[in-house]
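The listed protein sequences correspond, in order, to chains A and B. For the first sequence, our numbering assigns the number 231 to the initial residue and increments by one for each residue that follows. For the second sequence, our numbering assigns the number 19 to the initial residue and increments by one for each residue that follows.
These are computed hints drawn from the structure, not numbers from a lab. Among the hints, a few may not be true.
Claimed, not checked - Far from chain A, by Cβ distances over 12 Å, these chain B residues were calculated:
1. R25
2. K27
3. D47
4. Y55
5. D58
6. K67
7. Y77
8. G84
9. D95
10. P105
11. I112
12. D115
13. S119
Stated by the list, open to error - In silico lysine-lysine, DSBU-like type, Cα no more than 30 Å apart, as pairs:
14. B:K27 to B:K93
15. A:K293 to B:K104
16. A:K324 to B:K54
17. A:K374 to A:K235
18. B:K27 to A:K331
19. B:K99 to A:K235
20. A:K232 to B:K33
21. A:K331 to B:K121
22. B:K44 to A:K648
23. A:K324 to B:K117
24. B:K121 to A:K523
25. B:K54 to A:K331
26. A:K648 to A:K678
27. B:K104 to A:K469
28. A:K374 to B:K27
29. B:K117 to B:K33
30. A:K234 to B:K44
31. A:K469 to B:K121
32. B:K121 to A:K374
33. A:K293 to A:K232
34. A:K235 to B:K33
35. A:K678 to A:K293
36. A:K374 to A:K232
37. B:K121 to B:K27
38. A:K234 to B:K54
39. A:K338 to B:K33
Note that the coordinates shown come from a computational prediction; the quantities given were computed from them, not determined experimentally. The C-beta atom is built at its ideal place from N, Cα and C for all residues, glycine as well.
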Amino acid sequence: MKVKKLDTDILIIGGGTAGCYAALTAAENSSASVLICEKAHIKRSGCLAAGVNALNAYIVEGKTPSFYADYAMNDAAGIARYDLLLTMSERLNKVTARLEKMGLVILKDENGRYAARGNRNLKINGENIKPLLASAVEGLENVKVLNRVNIIDYAMADGRVAGAYGIGIEDGAFYVIRAGAVLIATGGAAGIYKPNNPGFSRHKMWYPPFNTGAGYAMGIRAGAEMTTFEMRFIALRCKDTIAPTGTLAQGVGAKQINSLGEVYETRYGLTTSERVYGTVNENQEGRGPCYLKTEGITPEQDESLMKAYLNMAPSQTLKWIESGLAPSRQNVEIEGTEPYIVGGHTASGYWVDTNRATTLKGLYAAGDVAGGCPQKYVTGALAEGEIAALSMLGYIRDNEPADIPEEDIALHIAEAEKFTGGNNSLFTTEQLEEAMQTVMDSYAGGIKTNYRFTGAQLEIARQKIKQLVILSGRLHADDPQELMYIYELRERLTVALSVIAHLEARKETRWHSFAENLDHPEKSSEFGKKFVNSRLENGEIRIILRDITEGGEPYEHSDR
Amino acid sequence: MSIAIDRNKCVGCGKCRTVCPGSLIKLDDSGRAFIKYPRDCWGCTSCIKECPAYAIRFYLGADIGGAGSLVHTEKTDGILKWIIEKPDGSVSQIDIDPKESNKY
Numbered sequence: 231m232k233v234k235k236l237d238t239d240i241l242i243i244g245g246g247t248a249g250c251y252a253a254l255t256a257a258e259n260s261s262a263s264v265l266i267c268e269k270a271h272i273k274r275s276g277c278l279a280a281g282v283n284a285l286n287a288y289i290v291e292g293k294t295p296s297f298y299a300d301y302a303m304n305d306a307a308g309i310a311r312y313d314l315l316l317t318m319s320e321r322l323n324k325v326t327a328r329l330e331k332m333g334l335v336i337l338k339d340e341n342g343r344y345a346a347r348g349n350r351n352l353k354i355n356g357e358n359i360k361p362l363l364a365s366a367v368e369g370l371e372n373v374k375v376l377n378r379v380n381i382i383d384y385a386m387a388d389g390r391v392a393g394a395y396g397i398g399i400e401d402g403a404f405y406v407i408r409a410g411a412v413l414i415a416t417g418g419a420a421g422i423y424k425p426n427n428p429g430f431s432r433h434k435m436w437y438p439p440f441n442t443g444a445g446y447a448m449g450i451r452a453g454a455e456m457t458t459f460e461m462r463f464i465a466l467r468c469k470d471t472i473a474p475t476g477t478l479a480q481g482v483g484a485k486q487i488n489s490l491g492e493v494y495e496t497r498y499g500l501t502t503s504e505r506v507y508g509t510v511n512e513n514q515e516g517r518g519p520c521y522l523k524t525e526g527i528t529p530e531q532d533e534s535l536m537k538a539y540l541n542m543a544p545s546q547t548l549k550w551i552e553s554g555l556a557p558s559r560q561n562v563e564i565e566g567t568e569p570y571i572v573g574g575h576t577a578s579g580y581w582v583d584t585n586r587a588t589t590l591k592g593l594y595a596a597g598d599v600a601g602g603c604p605q606k607y608v609t610g611a612l613a614e615g616e617i618a619a620l621s622m623l624g625y626i627r628d629n630e631p632a633d634i635p636e637e638d639i640a641l642h643i644a645e646a647e648k649f650t651g652g653n654n655s656l657f658t659t660e661q662l663e664e665a666m667q668t669v670m671d672s673y674a675g676g677i678k679t680n681y682r683f684t685g686a687q688l689e690i691a692r693q694k695i696k697q698l699v700i701l702s703g704r705l706h707a708d709d710p711q712e713l714m715y716i717y718e719l720r721e722r723l724t725v726a727l728s729v730i731a732h733l734e735a736r737k738e739t740r741w742h743s744f745a746e747n748l749d750h751p752e753k754s755s756e757f758g759k760k761f762v763n764s765r766l767e768n769g770e771i772r773i774i775l776r777d778i779t780e781g782g783e784p785y786e787h788s789d790r
Numbered sequence: 019m020s021i022a023i024d025r026n027k028c029v030g031c032g033k034c035r036t037v038c039p040g041s042l043i044k045l046d047d048s049g050r051a052f053i054k055y056p057r058d059c060w061g062c063t064s065c066i067k068e069c070p071a072y073a074i075r076f077y078l079g080a081d082i083g084g085a086g087s088l089v090h091t092e093k094t095d096g097i098l099k100w101i102i103e104k105p106d107g108s109v110s111q112i113d114i115d116p117k118e119s120n121k122y
């Protein structure tokens with residue numbers, strides 16, 4: 231493989247929401263050189279490719295940052311980091327103003343103030359939000375963007391993260407990037423569980439199918455402490471198109487009803503997980519299918535919904551038009567998605583300190599890959615990108631970059647060349663991916679078991695995933711893109727093993743559906759005060775239970 | 019969901035290939051775009067909004083209830099027009115002014 235060596239003050243892995251904003255922050259506050267590595271192209275990569283329907287995290291007039299932090303703590307049933315939630319919340323409005331300055335259209339009232347949607351949300355036209363962020367970044371002198379370079383691992387030196395390795399999926403080159411500090415901003419993980427529609431439309435999922443948990447996996451392998459992988463995110467979505475439901479529920483006040491026409495959402499509670507759980511339960515008890523009650527809304531509301539969905543999930547509008555049944559004429563059927571691991575909605579990810587430093591020296595985390603801070607959404611990811619960037623600037627002032635050992639480079643190149651060398655693999659990457667999804671679906675609480683699991687099932691899942699890890703070591707790639715697919719599969723397998731260990735370790739059911747442990751079907755007061763964290767030590771996942779502090783006390787943050 | 023690219027309309031500019039978040043679109047030997055991994059499309063429609071020749075359509079897979087309607091966008095005078103062609107030949111159009119916020 232052709233080797234390309236690069237040097238930068240700050241390396242940002244992943245040019246999505248958090249990564250782009252971190253680059254912007256670094257550029258505006260320093261003359262440090264910044265390199266963004268993005269496996270697609272920053273114009274439309276990450277969660278915001280199709281757009282977003284609203285800004286879901288904003289401090290509306292009359293509310294305070296602690297109001298938002300309290301809301302998120304409550305929705306997570308107490309398993310979240312108040313310090314992270316508060317520092318994020320304090321920046322939500324500032325980053326929103328910045329987005330507007332970049333050109334984002336935000337709905338205003340007659341007095342020129344933002345028009346709120348409920349207690350926390352702003353209405354926008356978010357179709358072009360990612361191109362706006364990308365063009366803000368592309369115009370910066372000190373920021374370089376490397377599109378279509380897939381980062382596969384951290385480069386470790388002197389006990390710290392000293393850069394990263396990547397493979398160009400168009401040029402096929404092996405990249406060795408030395409950096410003063412590294413930000414991981416690769417997003418969460420989809421595709422670990424079997425999706426709703428595993429056939430032709432397997433990628434018609436809510437979370438980006440291209441977010442494969444790379445950042446989680448790199449951290450796990452390098453021995454970073456990770457948190458709360460057991461708090462999976464399962465979204466309540468429009469059937470088939472897997473389009474968001476919040477626009478219907480909040481926009482036109484559509485209630486969740488069963489096939490008898492009964493409003494059931496109030497019977498189960500209104501937290502994110504309870505809305506999913508209620509739907510699962512109604513179906514199980516013979517009152518399915520479930521719907522959002524939209525019949526009877528006005529033609530004007532129909533039209534507005536059609537437009538709103540085109541600006542974020544166009545498939546839903548296509549479905550309405552194709553069937554000739556607008557939401558006013560037919561209730562919208564809903565279902566739960568497969569579980570995702572996504573720290574922007576739940577609390578899964580890197581265990582970070584208040585400055586978003588991970589437990590690995592030189593490595594910072596922001597956005598969906600950073601744990602402990604649920605309900606961050608777009609603006610929270612921007613806020614975290616800002617916090618992390620400022621912390622990194624401090625770090626590079628105080629620390630010299632480390633040189634990456636040649637023998638470590640050679641090891642990583644040898645691994646990549648093993649996959650592209652002689653082909654004696656019986657299996658394809660796609661076959662192993664489907665095998666992984668089937669295992670997770672059947673034994674680790676997927677759609678098939680209504681998200682429920684037992685310890686005995688998790689043990690089977692663990693053994694089967696370990697077998698797939700072995701098989702994945704023998705896969706073959708014909709070109710750099712197929713090589714990326716092998717690395718992506720291996721990332722997902724790594725994350726799957728951590729998810730299994732975390733689900734096993736939380737011996738309670740704190741959140742229905744998200745972690746429905748049939749051996750421990752109730753909440754436990756003991757686990758209600760604990761984070762389930764983990765670290766890979768000598769190839770084994772070690773579980774670490776950490777106390778949840780009261781009143782904003784700082785958190786244990788070992789290894790630093 | 020996936021996309022269909024009309025080879026005869028493609029002008030070979032490569033913009034769809036650049037923007038695809040899954041790197042699923044490639045150029046063939048004659049420099050025209052094709053989707054190499056149709057099952058892996060997320061349905062984000064980024065490529066459709068880029069295409070200057072209106073050569074790309076997206077559709078719902080039959081497994082999620084798709085009935086063969088094809089969607090593309092055209093941008094004129096700052097208005098993003100979503101054009102949906104149904105199999106019976108009828109056409110629906112929804113115009114979106116990017117300067118207008120969602121109502122919901």
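Sort out which numbered hints this structure fails and list those numbers smallest first. 4, 5, 6, 7, 8, 10, 11, 12, 13, 15, 16, 18, 19, 25, 26, 28, 32, 33, 35, 37 and 39
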